[in-house]
Amino acid sequence: MSTTAIPTGTKWWNGGRSPFNASYGKVMMWYFLMSDAFTFGAFLISYGTLRFSENYWVDPNHVFSAFPFAEGMNLPLSFVSLMTFILIFSSVTMVLAVHEGHKMNRKAVEKYIFWTIIGGLAFLSCQAWEWTHLLTHQHEVWINGINGAAGHVELWNTTVSHNPFGPEVTINGHQYATPGPVAFGSYFFEITGFHGFHVFSGVIINLIMYIKTKMGHFDQRGHYEMVEKAGLYWHFVDLVWVFVFLCFYLI
Amino acid sequence: MSSAVSLQQASHTGHDVDHGHEHHQSFISKYIFSQDHKTIAKQFLITGIIWAIIGGLFSVLFRLQLGFPDTTFPFLEDLLGHWAKGGKISPEFYYALVTMHGTILVFFVLTAGLSGTFANFLIPLQIGARDMASPLLNMLSYWFFFLASVIMMSSLFTQTGPASGGWTIYPPLSALGDASMGSKIGMDLWLMAMAMFIISSLLGGLNYITTILNMRTKGMSMTRLPLTIWALFFTAVLGVLSFPVLFSGVILLLFDRHLGTSFFLSDIVVAGKILPNEGGSAILFQHLFWFLGHPEVYIIILPTMGIASEVMSINARKPIFGYMAMVASLFAICILAFLVWAHHMFVTGMNPFVGSVFVLLTLLIAVPSAIKVFNWLTTLWRGNIRFTPGMLFSIGFVSMFISGGLTGIFLGNSALDIHLHDTYFNIAHFHIVMGVAGMFGMFAGIYHWFPKMFGRYLNNTLAYIHFWVTMVGAYFIFWPMYYEGLAGMPRRYYDYANWESFKMFGGLNEFISVVAIIVFATQLLFVVNFFYSIWKGRKVTTLNPWNANTLEWTTPIKPGHGNWVGEIPEVHRWPYDYSKDGQDFIPQDVPVGENETRH
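For the record, the sequence lines run as chains A and B. Quick note on numbering: our numbering labels position 149 of the first sequence as 149, and the sequence is numbered without any gaps. Quick note on numbering: our numbering labels position 122 of the second sequence as 122, and the sequence is numbered without any gaps.
Keep in mind that the hints were calculated from the coordinates and are not lab data. Keep in mind the model is a prediction, meaning the values are calculated, not measured. Backbone N, C-alpha and C define an ideal beta-carbon position, used for all residues, glycine too. Careful, some of the hints might be misleading.
Said to hold, decoys possible - Label pairs and their calculated CB-CB ranges:
#, chain 1, residue 1, chain 2, residue 2, range
1, B, S356, A, N61, 40 to 46 angstroms
2, A, F52, B, A487, 37 to 43 angstroms
3, A, W13, B, N384, 29 to 35 angstroms
4, B, S154, A, F52, 39 to 45 angstroms
5, A, G216, B, R317, 54 to 60 angstroms
Could you build all of it, start to finish, from the sequences and the hints given here?
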């Protein structure tokens with residue numbers, strides 16, 4: 001029988017130390033991420049509320065079927081899959097950077113943060129292309145005149161206030177799209193934009209980490225904890241993307 | 001075992017080396033962009049007091065309209081210009097006044113002014129830390145609040161006036177720029193100010209939480225924390241988790257206002273013109289707002305509960321009754337606070353079944369609240385009470401919390417709420433339980449910790465006048481409103497005298513307005529006392545003027561940055577060893593004696 005007596009002074013919650021054996025900065029980052037999760041949660045739940053109050057919702061396979069340099073080809077969700085892959089891969093390089101930081105391996109930390117930054121920038125560039133495509137790509141839409149006026153055809157792109165992805169109608173043997181639910185464009189640009197802003201901030205933070213690593217600040221300090229905190233943020237932004245991806249592209 | 005993270009790993013290690021000495025700091029780094037938690041607390045307090053004067057003055061102005069709807073006051077035109085043509089407040093300005101009164105008092109006074117002051121001041125001092133975990137973020141927290149204050153203040157001076165759709169800013173009034181005067185630039189400034197405010201509250205809250213968890217001195221286990229710290233901890237958690245939801249609502253509202261989205265708008269016709277907005281839901285905004293809005297009332301009341309517990313135990317010379325029950329009930333209130341928001345929306349067309357769930361959860365809050373009330377009363381029971389101003393305000397707080405809280409049980413019933421919703425009954429309820437009780441807790445805290453803040457005492461005579469006039473006045477103002485509300489008198493009516501059925505309340509409303517003016521004048525007496533005493537008050541000559549147990553009284557009379565000269569004291573006992581083993585009080589840093597009875 002082993003009875004290891006623990007002196008009262010070493011009890012985790014008795015004061016004089018962090019109960020989680022974590023610095024205040026890390027605890028603070030965790031609470032910040034919890035808070036940020038509530039911000040995204042509120043956005044996504046609002047989105048769900050409006051989406052399920054509509055009779056019709058857009059078909060993501062139809063909306064997100066374009067790919068750069070592949071005009072006219074129907075490739076549902078392939079571009080967003082690439083984006084997701086890029087972002088998740090940047091999480092892998094971030095993990096490696098944190099890991100190398102624990103080993104105080106400056107060169108390797110530099111390398112992996114660099115690739116994380118590249119991943120973040122690549123994701124943002126993809127998002128820029130996706131937004132541009134939605135905003136500039138026009139579709140023929142059958143507009144039903146108000147108060148019994150005759151319908152007509154207009155060319156519509158996707159903005160925060162309208163989109164051409166409503167149910168299709170057949171007029172004189174010709175298939176036309178109709179205006180889609182307004183909430184789609186609004187929430188799509190608002191939520192992916194807000195997430196993109198988080199990625200952008202993450203890239204800035206990683207850039208600062210890169211510079212500080214290169215200047216040897218963390219070696220002087222004796223630990224790479226700051227990289228770890230930046231890593232927590234970066235993984236959170238990735239995790240949020242998984243939910244955004246699920247809500248807008250998959251269901 | 002891996003090495004424990006040092007307490008003093010915070011970024012202010014430089015200050016630890018030479019604490020107790022005067023730093024050669026410039027005026028700007030010492031008083032303006034200070035990173036000392038005590039200075040930041042005073043900045044929050046003084047900004048809060050300025051806001052309270054403005055917010056209180058607004059209530060006096062609209063009480064003039066409510067109390068004397070047929071009288072003109074020429075001085076109002078001199079003061080307000082076109083907002084009060086002919087000496088009568090215009091309807092638009094009336095709504096701006098009530099909106100800003102609510103916004104200012106709820107957010108700028110009783111959230112930032114209260115938590116900002118006491119969390120900053122008390123947390124490091126009472127847990128035994130040299131400063132907050134991150135003094136830099138702490139400073140930024142104040143300056144974001146200052147920025148929010150400047151933006152909110154500037155909205156008062158715009159051509160079309162400040163926001164006027166009520167402090168709850170429901171769409172469509174808040175979402176359509178053309179809906180009313182206050183829906184224009186005033187509303188945008190309101191939203192921007194609140195965004196800054198939320199950032200401030202987030203930075204502050206993160207700091208409070210991590211400081212309490214990580215920076216406690218040796219021996220200060222969680223069960224030895226003073227109840228003020230427990231209360232401030234739960235308050236910070238509430239703020240960190242509920243304000244972001246309002247932040248989301250604010251962003252969506254800004255989109256609706258300026259980018260053509262329809263999150264909260266649908267099927268709206270303005271002046272015969274159909275607006276293009278479709279598919280949105282105004283009720284969605286109400287959900288987002290009240291998900292913050294309800295925890296917000298606990299963000300106000302929890303710190304004052306902590307302050308009242310502490311002050312009452314000290315001045316009754318008795319241990320707080322049921323310490324663990326007090327902590328558990330704070331925790332229960334913290335959890336339930338997130339689950340009851342829809343009781344503000346019973347009459348918005350909610351599914352009655354959902355309503356009944358929220359009724360149940362709402363009424364459950366009465367349980368922890370009652371536990372707290374009985375514990376306060378039993379703490380007073382057979383105590384050796386010293387009626388200091390802080391103690392009086394704490395007892396006043398309990399009185400307000402009981403009488404205002406009980407009517408919450410009426411309003412929490414969805415069936416009764418159909419009749420009482422948006423009447424003066426509701427006004428009376430939340431003003432007594434949240435407004436007056438919140439202010440009383442804040443006053444108790446100021447009177448009690450003023451000697452620690454400024455090294456001087458407040459004038460007692462003025463304090464007693466302040467207490468008795470406010471105590472009696474608050475009941476004279478709000479108690480009659482219960483009757484008006486039961487009789488159906490609705491809130492937010494500019495001129496109730498247009499309705500035959502409410503004319504009978506003319507005399508009563510006049511009485512309320514007169515008392516309101518007297519009470520407001522008494523608050524100015526407090527402000528005079530406050531600022532006079534900072535420079536001219538009687539000096540504190542003993543380290544521990546209230547004979548209290550907590551650690552802040554082991555610091556020098558005017559502690560420098562770093563709080564303790566020399567080592568931070570170690571803690572050996574809980575903070576409520578009053579009248580124990582024949583001793584009047586035993587401070588927390590006194591080691592436990594061999595033959596001492598355990599509590």
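Exercise. Of the hints stated earlier, which fail here?
Worked result: none
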